[in-house]
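Q: These protein sequence lines are chains A and B, in that order.
Residues in the first sequence are numbered from 12 upward in steps of one, following this note's numbering.
Residues in the second sequence are numbered from 12 upward in steps of one, following this note's numbering.
Hints should not be assumed to be uniformly reliable.
To be verified - Footprint (simulated), chain A over chain B, 3 or more residues, beta carbon under 8 Å:
hint, stretch
1, 48-61
2, 68-76
What the hints assert, rightly or not - Below, computed lysine to any residue pairings styled on SDA-like, alpha-carbon distance capped at 25 Å:
hint, chain 1, residue 1, chain 2, residue 2
3, B, Lys16, A, Glu43
4, A, Lys16, B, Ala132
5, B, Lys110, A, Glu43
No lab work stands behind these hints: they were computed from the structure.
Glycine included, C-beta positions come from ideal geometry on N, C-alpha and C.
As a plain string of letters, each chain reads:
Protein chains: 2
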Amino acid sequence: MISQKARYALRALLYLAARGDARPVQISEIAESERIPRKFLEAILLDLKKTGIVRSHRGRSGGYSLGRPAKDISFADVLRVTDGPLALSPCVSVMAYRKCDDCFEESICAIRKALLAARDATAEILESRNLAAAAQQLRRSGAL
Amino acid sequence: MISQKARYALRALLYLAARGDARPVQISEIAESERIPRKFLEAILLDLKKTGIVRSHRGRSGGYSLGRPAKDISFADVLRVTDGPLALSPCVSVMAYRKCDDCFEESICAIRKALLAARDATAEILESRNLAAAAQQLRRSGAL
DNA sequence: TTAATTCCTATTGACTAGATAGAGATTTAG
DNA sequence: CTAAATCTCTATCTAGTCAATAGGAATTAA
Numbered sequence: 012m013i014s015q016k017a018r019y020a021l022r023a024l025l026y027l028a029a030r031g032d033a034r035p036v037q038i039s040e041i042a043e044s045e046r047i048p049r050k051f052l053e054a055i056l057l058d059l060k061k062t063g064i065v066r067s068h069r070g071r072s073g074g075y076s077l078g079r080p081a082k083d084i085s086f087a088d089v090l091r092v093t094d095g096p097l098a099l100s101p102c103v104s105v106m107a108y109r110k111c112d113d114c115f116e117e118s119i120c121a122i123r124k125a126l127l128a129a130r131d132a133t134a135e136i137l138e139s140r141n142l143a144a145a146a147q148q149l150r151r152s153g154a155l
Numbered sequence: 012m013i014s015q016k017a018r019y020a021l022r023a024l025l026y027l028a029a030r031g032d033a034r035p036v037q038i039s040e041i042a043e044s045e046r047i048p049r050k051f052l053e054a055i056l057l058d059l060k061k062t063g064i065v066r067s068h069r070g071r072s073g074g075y076s077l078g079r080p081a082k083d084i085s086f087a088d089v090l091r092v093t094d095g096p097l098a099l100s101p102c103v104s105v106m107a108y109r110k111c112d113d114c115f116e117e118s119i120c121a122i123r124k125a126l127l128a129a130r131d132a133t134a135e136i137l138e139s140r141n142l143a144a145a146a147q148q149l150r151r152s153g154a155l
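Taking the hints into account, I'd like the entire structure generated from these sequences.
A: So, in structure tokens, the structure goes:
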């Protein structure tokens, strides 16, 4: 399951993508529109900023905007920031590989082989879904 | 990421599958062979028993054996017991559906659509991988 | 300068993961 | 029949994580 943090992050980003505005949007506007606890959202946006997914503008009339075109921000990008690797085991993570603590011999591990296939399948999907497409979908549904 | 419990469960089941013996195997044998904390393994096997994945035989010369043919026990079956639903969100879980707490309108949720696709991809893989195939793989690797 | 905003660190409460302990119930070998 | 071997159950502990909140420091536009 994804964390609440991930949900909030996706909703906030989707809000920015759907708004499509060049001007920065304030935390409080996002928080109110998406019903996200304001202080929590602050922390989330800070994380997203560190990885370049959003850009911040400080001071009066500051706020946040997407760090790159919406079509270049995938669901995988976001989940990796909020929830860590997509993989079900460190030993099959592409972005954050680590040997399992008590692994005997990785190359013949039958569990690993299944988890690797699962990771690839998930990554394939989540990397192909991006904010632009999701926002487009909302528009078509008449939600905007 | 899967839990340590899931790892232990898979290892223990793989041990039973690879052994292929009709006779029940004792907890302590599995625990020692697979280097799993004995008492923790007890709890895990109890969970697996409740769902029919293993069968237990009490009393002297008792132990555990697979509850059905190894080829009919998928990785998905095991992970669902130890870690809950495969889905990344309750609203896309097939085995344990639940509406998201603060969902506005599920049918047009763009996040849900992506998570649903991810779930289907993962489930497809994890339901197709079973203990018999995994044990076979180990044999071919010369691990047994 | 001042008001509005993001940035940063710390803290809290609830919950879960992983592991352990010990007594109880059941079965079978002898 | 009895005793040893085994699974069964309940309770507990510690460390860590998740979700949320608080308060003030730094920055910037007007």
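Q: Each hint: holds or not?
A: Structure-based check of each hint:
no.: 1; hint: 48-61; result: violated (count 0)
no.: 2; hint: 68-76; result: violated (count 0)
no.: 3; hint: Lys16(B) <-> Glu43(A); result: violated (40 Å)
no.: 4; hint: Lys16(A) <-> Ala132(B); result: holds (23 Å)
no.: 5; hint: Lys110(B) <-> Glu43(A); result: holds (22 Å)
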